[in-house]
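Undergrad: Sequence:
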Amino acid sequence: DQSIYACDWDSPKPKYYVVEMFPYPSGKLHMGHVRNYSIGDALARYMWMRGYNVFHPIGWDAFGLPAENAALKRNTHPRHWTVENIANMKRQLIRLGISYDWNNEVSTCEPEYYRWNQWFFLKMYERGLAYRKKALLNWCPECATVLANEQVVEGCCWRHETTPVEQRELDQWFLKITAYAGQLLDDMKQIEAGWPERVLTMQRNWIGRSEGAEIDFTLEGRGDRIRVFTTRVDTIYGATCVILAPEHPLVKDLVSAEAAAEVKLLIDERATKGPADLEKKGLSTGAYAINPFSGERVPIWVGNFVLMGYGTGAIMAVPAHDERDFEFCTQYGIPIRAVIRPADGALAEPVKEAFTDYGVMENSGPWTGLTSEEGRRRMAEHAKSNGFGEAAITFRIKDWGVSRQRYWGTPIPMIHCPKCGLVPVPEKDLPVVLPLDIAITGKGRSPLENVPEFMNVECPQCGAAARRESDTMDTFVDSSWYFYRYLDAHNSTAPFDSKRAAQWFPIDQYIGGVTHAILHLIYSRFWTKVMRDIGIIPNDEPTRNLFTQGMVLKDGSAMSKSKGNVVDPDDMTEKYGSDTCRLFVLFAAPPERDMDWQESSVEGQFRFLSRVYRFVTRNIERATPGAPAETDADRKALRKLHQTVEKVTHDFDSRWHFNTSIAALMELLNELTSLEKDLTGGVIAECAEKFALMLGPFAPYVAEDLWAELGRTGPVFRQPWPAFDPELAKEEGAEVVLQVNGKVRSRMIVPFGTGRDELEKLALADDKVRAQVDGKQVVKVIAVPDKLVNVVVR
RNA sequence: GCCCGGGUGGCGAAACCGGCAGACGCAAAGGACUUAAAAUCCUUUUUCCCGCAAGGGAAGUGCGGGUUCAAGUCCCGCCCCGGGCACCA
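Just so you know, we're using my numbering here: the first sequence kicks off at 1 and counts up by one.
Simulated from the structure, these hints should not be mistaken for lab results.
Here the structure is a predicted model, which means the values were calculated and not measured.
Even for Gly, the Cβ is constructed at its ideal location relative to N, Cα and C.
It cannot be assumed that every hint is accurate.
With a Cα cut of at most 27 Å, we get these calculated DSS-like pairs of lysine-lysine [said to hold, decoys possible]:
| # | residue 1 | residue 2 |
| --- | --- | --- |
| 1 | 133 | 176 |
| 2 | 398 | 133 |
| 3 | 90 | 134 |
| 4 | 133 | 28 |
| 5 | 90 | 15 |
| 6 | 761 | 743 |
| 7 | 384 | 123 |
| 8 | 787 | 768 |
| 9 | 123 | 28 |
| 10 | 123 | 133 |
| 11 | 281 | 176 |
| 12 | 575 | 636 |
| 13 | 743 | 776 |
| 14 | 761 | 787 |
The calculated label-pair distances, taken between Cβ atoms and stated as ranges, are [what the hints assert, rightly or not]:
| # | residue 1 | residue 2 | range |
| --- | --- | --- | --- |
| 15 | 307 | 51 | 38 to 44 Å |
| 16 | 674 | 502 | 50 to 56 Å |
| 17 | 494 | 599 | 34 to 40 Å |
| 18 | 387 | 190 | 21 to 27 Å |
| 19 | 545 | 264 | 49 to 55 Å |
| 20 | 497 | 128 | 47 to 53 Å |
| 21 | 751 | 794 | 29 to 35 Å |
| 22 | 227 | 419 | 20 to 26 Å |
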């Protein structure tokens with residue numbers, strides 16, 4: 001029964017659909033996956049029947065584990081994939097009736113995939129888009145490893161809940177996604193029609209563009225300048241101090257030894273507390289800075305709420321017009337001075353709370369009287385022409401830290417030479433592959449460092465003894481471009497064929513979970529832009545349309561192994577079969593909505609499929625394809641059939657609400673069974689055939705079976721999608737609802753297209769309408785042809 | 001705090017452009033078939049009121065207002081649930 005999708009690369013009507021696969025460590029699918037796949041597979045089968053060649057490939061995000069490494073199958077990282085697990089998963093997919101082009105399977109854990117990851121990395125390194133720098137990172141002393149921000153739970157390690165996380169400064173590799181921040185934002189124009197609004201909003205917030213100015217304050221007594229970023233230059237006459245982030249490089253110079261200890265405390269405390277429950281704290285450095293606009297001398301403070309990673313790491317505090325500054329300055333008795341008044345009000349003094357809206361500038365020297373908008377623009381220009389600042393745009397997004405001190409991941413292809421410094425691995429030496437014989441302890445630095453055969457190399461430049469970089473790449477690197485590799489999974493001279501990519505990209509439809517809105521979906525957009533700049537693809541964006549399905553929830557949260565709330569589809573398929581299982585998840589809710597796990601309606605889906613099967617098999621003797629319709633029942637059945645085809649086709653073409661498509665099929669079956677004894681052979685044949693075809697995308701096995709029962713050959717998804725005849729689908733007449741004062745009182749059947757005047761006349765002649773209208777004055781009659789008549793009385 | 005979703009029967013849901021609220025399914029109740037059970041089929045099923053009945057009436061889509069002949073749908077103001085971001089200067 002299993003059909004494998006094939007792909008004709010030169011198809012005139014190619015469609016490229018990618019359905020997200022997020023594999024499950026044990027090699028088992030859970031119901032969340034079944035839902036994703038049922039949606040994607042139904043769509044793929046439908047598109048196929050509509051004459052598109054659908055490329056519906058499969059990939060394994062293998063977390064960098066070499067597939068051939070039998071020694072590592074167990075007791076390594078729980079997310080590891082193994083050969084057996086992948087094979088097991090394939091068996092499960094086949095059992096669910098989900099088919100793929102196995103020839104284009106991509107495994108991101110294979111050396112060939114490493115090769116191209118590394119190739120891209122080196123291209124980026126050449127262009128200055130990959131760089132190494134010291135950065136502060138979360139460090140768990142117990143695990144002796146770096147933690148991602150998401151792995152820090154309430155200041156402690158996720159695995160050691162009582163061990164506070166420390167901040168350590170480590171050399172790490174970064175990809176310069178910030179260089180593309182503007183494009184990532186601007187190019188949203190190209191995709192906003194096809195992406196869900198909420199994903200775009202999340203990305204917009206994440207990129208966090210803000211327009212303002214950078215202004216230099218001069219350090220009193222030294223010529224140094226402190227550059228601050230502000231979105232509100234217009235408030236600069238209200239700046240009553242300058243505040244530096246604790247990590248700001250100037251802080252060391254400005255504070256005494258004992259104050260330095262306090263600064264360290266500020267840094268440590270911030271590392272262990274979320275911003276929400278961190279009080280604003282700070283200390284004065286004793287130094288002063290000169291406001292370049294007013295010439296005023298203001299104190300320099302250090303504040304724990306100023307972030308080194310955003311803007312310049314220094315701010316001018318304007319307590320009268322910024323809530324955070326207000327809070328800080330009130331606490332330390334720093335003066336508060338209002339310089340913006342509401343456009344229709346007076347300057348609020350004394351200042352009781354920050355006024356953060358735009359207004360009119362006051363007490364601002366020559367700028368007094370300007371609006372905030374004008375002030376922002378003109379003061380930035382002024383700063384620029386006088387050499388103490390300029391208009392500036394700042395982004396919230398930070399460079400992508402790709403270093404991982406883990407075994408599972410593509411080795412970063414760099415060499416540390418004591419003489420030459422950082423040396424890239426020459427392209428001819430790629431791929432750098434992971435050693436297979438390795439002990440994973442879960443402790444200490446990367447386990448790779450304990451493997452001399454891996455670590456010790458000759459410097460490609462000078463030949464001296466050198467060491468490899470032991471960091472591996474974040475596995476999000478793998479997922480950033482896997483869907484390009486699908487097009488050309490076995491290419492060994494390039495990541496993929498550029499002509500093919502130009503033909504197939506952007507992806508027509510990407511289907512995945514919303515959980516990746518700001519991780520995977522932003523990284524893959526970035527990667528596409530880099531590949532475009534390298535010159536191997538023409539497109540700016542990877543995906544024209546994105547569909548985010550809802551999660552499958554159990555006990556209020558998404559199914560996941562760590563929560564221990566997964567439901568195994570095996571039990572259901574064991575009992576009812578995979579078609580029932582698929583039908584069930586599709587019927588329970590429309591695909592974009594979260595779905596709370598409730599198994600109760602599964603019986604209904606099973607009954608439905610059984611009834612379809614019985615209806616077809618018990619009537620098969622009578623079916624005479626091509627015979628004309630004879631009875632009234634025939635005509636009714638045909639009408640319902642064509643209405644159903646219309647409905648299901650429409651659902652597929654517009655919004656994929658498969659729950660209503662399935663409901664329509666159920667209605668059709670109900671109608672057919674109630675008319676059954678009066679149906680003649682021709683209609684039975686047509687209905688059974690089209691029913692099987694429409695069932696194909698949702699319940700492929702039963703559909704194939706019925707198709708064979710009907711004596712037809714060839715797989716259902718190779719048949720053309722059934723057409724409908726709008727004439728046959730038409731009801732005999734329009735049912736018009738008769739309302740009096742907006743309440744339904746009666747209804748009537750009239751020929752389609754009956755005019756307004758005629759409708760009004762008929763309505764007013766209706767007994768039930770007359771009973772309501774009697775003795776009252778008819779004020780107005782609204783008639784909507786083929787729909788309703790509303791008689792308004794007083 | 002800000003930004004997205006969502007709130008409709010006992011339950012999952014439908015109503016796509018402002019035009020019959022509750023399609024379809026589950027569960028429940030009653031009935032048919034059966035020695036019996038399972039399976040299957042039929043009937044009822046938003047709530048309340050009037051009626052022996054046929055039938056009729058009223059209310060009803062989180063809450064309060066509004067627009068309209070007509071509002072689950074549009075507008076204003078709230079409440080609750082879920083998600084994302086959160087000292088971003």
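Undergrad: Does each hint hold? Answer for all of them.
TA: Verification of the hints:
no.	hint	in the structure
1	133 - 176	holds, 12 Å
2	398 - 133	holds, 13 Å
3	90 - 134	violated, 43 Å
4	133 - 28	violated, 40 Å
5	90 - 15	holds, 23 Å
6	761 - 743	holds, 18 Å
7	384 - 123	violated, 36 Å
8	787 - 768	holds, 18 Å
9	123 - 28	violated, 37 Å
10	123 - 133	holds, 18 Å
11	281 - 176	violated, 32 Å
12	575 - 636	violated, 36 Å
13	743 - 776	holds, 16 Å
14	761 - 787	holds, 15 Å
15	307 - 51: 38 to 44 Å	violated, 55 Å
16	674 - 502: 50 to 56 Å	holds, 54 Å
17	494 - 599: 34 to 40 Å	violated, 48 Å
18	387 - 190: 21 to 27 Å	violated, 39 Å
19	545 - 264: 49 to 55 Å	holds, 50 Å
20	497 - 128: 47 to 53 Å	violated, 28 Å
21	751 - 794: 29 to 35 Å	holds, 32 Å
22	227 - 419: 20 to 26 Å	violated, 37 Å
Hints 3, 4, 7, 9, 11, 12, 15, 17, 18, 20, 22, counting from the list given before, are not met by this structure.
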